[in-house]
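Assemble chain F onto chain G, guided by the hints.
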Amino acid sequence: MPSTENNFKSGLMVSAAPHFVTKLDTQKTMMYVLIGLAPAAVASTILFGFGALLRIILGMIFACASEWCYNKIMKKPQTIQDLSCCVTGAILAMNVPSNFPIWMLAVGCAVAIIIVKCLYGGIGRNIANPALVGRAVLLLSWTSSMTTWPLTRFQRASGLYGADAVTGATPLGDLAAGNLGYANYSLLDMFLGNTGGALGETCTIAILIGGIFLIWKKIISPIIPCSFIGTVFIISLVYYAFNPNGVYNAFQMAIFSILAGGVMFGAFFCATDYVTSPILERGKLVFGIGCGALTVMIRILGSYPEGVSFAILLMNIFTPLIDRWAERSFYGIAKREKEAKKAAKAAAASADTAKEAAK
Amino acid sequence: MSFGKKHLSSIDAGHYKNTCDSATEVMPVPKVVKLSMSENIGAPCKPLVAKGDSVKVGQKIGDTDAFLSVPVHSSVSGTVTGIETIRNGMGGMDTLVVIEPDGRQELMEGLHAPEISDQPGFIKAMRESGLVGLGGASFPSWVKFNPKNLSEITTVIVNGAECEPFITSDHRTMLEDTQNVIDGCLALMKYLGAGDGYIAIEDNKQNAIDKFTKMLKEQNIANIHVFPLQARYPKGAERVLIYEVTGRKCDAGVLPASLGVIVSNITSTAFVGQYLKDGIPLVKKRLTVDGDAVAQPKNVQIPIGALVSDVIAFCGGYKSEPKKILLGGPMMGRAIFSDEQPLVKANNAILAFTGEQAAIPEETACINCGRCHEACPFDLLPTKFAEAYERKDVQMLRDLQVMQCMECGSCSFVCPAHRPLAFMNKLGKAMVKEADRNAKH
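As you go down the protein sequences, you meet chains G and F in turn. Taking my numbering, I'd label the letters of the first sequence as residues 98 to 456. Taking my numbering, I'd label the letters of the second sequence as residues 946 to 1386.
Hints are computed from structural coordinates only; laboratory data are not their basis. These numbers come from a predicted model, not from an experiment. Just so it is clear, CB atoms sit at the ideal spot from N, CA and C, and this is done for glycine as well. Careful: at least some of the hints might be erroneous.
Non-contacting residues of chain F with respect to chain G, defined by C-beta distances greater than 12 Å in every case (computed) [to be verified]:
{"no.": "1", "residue": "D1063"}
{"no.": "2", "residue": "I1154"}
{"no.": "3", "residue": "D1381"}
DSS-like mimics (lysine-lysine), calculated; alpha carbons at most 30 Å apart, straight line [stated by the list, open to error]:
{"no.": "4", "chain 1": "F", "residue 1": "K996", "chain 2": "F", "residue 2": "K976"}
{"no.": "5", "chain 1": "F", "residue 1": "K1374", "chain 2": "G", "residue 2": "K435"}
{"no.": "6", "chain 1": "G", "residue 1": "K432", "chain 2": "F", "residue 2": "K1371"}
{"no.": "7", "chain 1": "G", "residue 1": "K442", "chain 2": "F", "residue 2": "K1378"}
{"no.": "8", "chain 1": "F", "residue 1": "K1159", "chain 2": "F", "residue 2": "K1243"}
Some residues of chain G that are not near chain F, with every Cβ distance over 12 Å (derived) [stated by the list, open to error]:
{"no.": "9", "residue": "K169"}
{"no.": "10", "residue": "W200"}
{"no.": "11", "residue": "A203"}
{"no.": "12", "residue": "F251"}
{"no.": "13", "residue": "L257"}
{"no.": "14", "residue": "A262"}
{"no.": "15", "residue": "I331"}
{"no.": "16", "residue": "N342"}
{"no.": "17", "residue": "A390"}
{"no.": "18", "residue": "I395"}
{"no.": "19", "residue": "Y401"}
{"no.": "20", "residue": "P402"}
{"no.": "21", "residue": "L411"}
{"no.": "22", "residue": "K439"}
{"no.": "23", "residue": "A448"}
{"no.": "24", "residue": "A454"}
Pulled out of the complex, with its shape left as it was, chain G reads as follows:
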């Protein structure tokens, strides 16, 4: 072809359609999640002081450092720019008390990132939520540090806990110990976060703002949080209707159950982790209901006062199974197999009768 003489442009780039893609990549998605976590981080700083903010920032740094070192040592391409490790670090830090020893937090981040995520093949390959496994490891390794709950600024100022008190119980701890009758937190306190607990999980309103932002931006689907929280509410309502608890009626106890502990935080930020939750809508529904049911069961029947993180971890393990079930029912695979079996049986039966007739 005399392409020089005619001055044709050749050797152009050829690729498969589509030739345009969205600007919302993994990094931006994770950035949105971090923005969604911001209100809870601000609330924790107000409630528990700068120690809370420090731990969140350090959590992100420790998690990034763990991933960076792993990739460096294993000679893998660097992946920290996708910010997913920052999300893991921030969520793990928000799951510890505000006076948690920083070196322990570093260990937790390393376990979450290196063992749970990187060793399984990096982002998208882990079978359980890294931050929650990190939390479980910390809880089992340093139980007392993980269950010493500093009072909030407002609890200390109220004078109800004595002048020297710096730590107190969580609402769920009091409930398990049978002390809820004279507990000092109203449902409003719990909604605003003025209770003991992990630094990011107490302030429901901040979590709701962040969660609704993520739903509005279509980063997370509302199915998992709604079914999770709804299930906790309904089962608690039924349970406390038959097992009344002191001065609270069943409805108040159901509200208490969704405000206390990590239900809100877990439902919006942990259970919605893409990698470890189902894709199809019906799968998400089952996953959310399972998380809610297991949470209430662990709280009521188990020896731990709080069950959100274990419930989510258990459902993470079930996720591939739920996904497969959802695919089989949604695309009619199970139905087609059933019909094929029936047809084969009918064919065999008619062949038998034909054989007998021939005899």
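Below, chain F alone, put in the same frame as chain G:
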């Protein structure tokens, strides 16, 4: 597939309709035109002319007896200077009739409006006109307009969605050839026995919607309805359009005619209206020329067979070095490796990109977010197709209904990991087809 919802899933792929206000400019006859003998999806035509022959506008220069085919007509008057073969954008070889125009554009003698008395006559005229589906599929229109269940056809849908970003040629057709579209739609309804006609237009083209509404009212045509669509991608895909307009589900492999519907592209319909009036076959085409590498983006009317480079030169040439040139839109268009390619009937845009829009983003790991599933108009699971394809799991691909995929590219567009999911679907479909073929033998 789960239907039952009002609208099928769709995405916001951006509009970039930069040229929607630029009236069509007629490109002067270029120094050379190269008419491809593979203008339709069926067998290629055989040239009817030889080197040295002189031809006129509208003269038949290629034809074949094969079923899914239409004749090719000369778009210029001039002299045939050769028959050559060229590698096309798909990688195959095309036969081209090369004509050097004399610039006089003399019409073939004896071209006149076809005399049609019945449906078979209409089908014959449609074949003679050389019309193929101008939306990009190149399916011979006479075959589409000749369904086996003619008596069951109730609805004609004229597709003016133009959901691809950048392209505005259909929009200009609607504004500049409004009467031809209406006449064409009436003719289709008459010869197909359809009681209702719908002109479906995305609601980002309000002036086209208004113009059709006004003209239909002025002419007292009550059985053609203007149907506004959501301005989202891919509302113009045939199976999506049928669902949006009639609520009828059209699975892959099912002919729209079996649902009583015939869908015709708006430019094809306008051509039907024009052909029935003057009998000039399909020799010219409206194109959108746009992209950040083009000096003067605009809509142009070109003689079919003009080279991409000549059309770009008419639009002021390249203002920067093009890295990628697309025939068609950015969602489903085809990237060509050289601008020496001639244009065919079904082309509706040339987009030349140089900067960011030509870049191929880096692929990262799947994060299982499920956006590909949410974006898919047919609720398929592209990420699982990709997995099954990599495992060569044909049964899984079948189970998950990979053949329902129409390769609209929505999944690739929304993927935050920038995985080429639509391409993987294509490979998955090819794998299933191959397995089916092997099972037969």
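*Test the statement that I395/G is away from the interface with chain F: the closest C-beta pair must be farther apart than 12 Å.*
holds, 26 Å
*Just double-check K169/G for me: nearest Cβ-Cβ distance to chain F has to come out over 12 Å.*
holds, 18 Å
*Taking the closest pair, is the beta carbon of L411/G still more than 12 Å from chain F?*
The assertion about L411/G holds, with a minimum of 18 Å to chain F.
*asked:* For A262/G, is the shortest CB-to-CB distance to chain F above 12 Å, so the non-interface label stands?
replied: A262/G is indeed farther than 12 Å from all Cβ atoms of chain F, at 44 Å.
*Run the C-beta distances from A203/G to all of chain F and say if the shortest one exceeds 12 Å.*
holds, 26 Å
*Hey, is N342/G genuinely clear of chain F, shortest beta carbon separation above 12 Å?*
About 39 Å separates N342/G from the closest Cβ of chain F, which puts it past 12 Å; holds.
*Cβ separation check - W200/G to all of chain F, threshold 12 Å*: Correct as stated: the minimum Cβ-Cβ distance to chain F is 31 Å, above 12 Å.
*For P402/G, is the shortest beta carbon distance to chain F beyond 12 Å?*
Consistent with the label, P402/G stays out of reach of chain F, its closest Cβ about 32 Å off (over 12 Å).
*Once the closest CB in chain G is found, is it more than 12 Å from D1063/F?*
holds, 41 Å
*Please settle this one: A390/G was flagged as non-interface, so is its CB more than 12 Å from every CB on chain F?*
holds, 23 Å
*Distance rule for D1381/F, whose beta carbon must clear each one in chain G by more than 12 Å*: holds, 17 Å
*asked:* Minimum C-beta separation from A448/G to chain F exceeding 12 Å: can you confirm that?
replied: Since the minimum Cβ distance to chain F is about 23 Å, A448/G lies beyond 12 Å and the statement holds.
The structure shown violates none of the earlier numbered hints.
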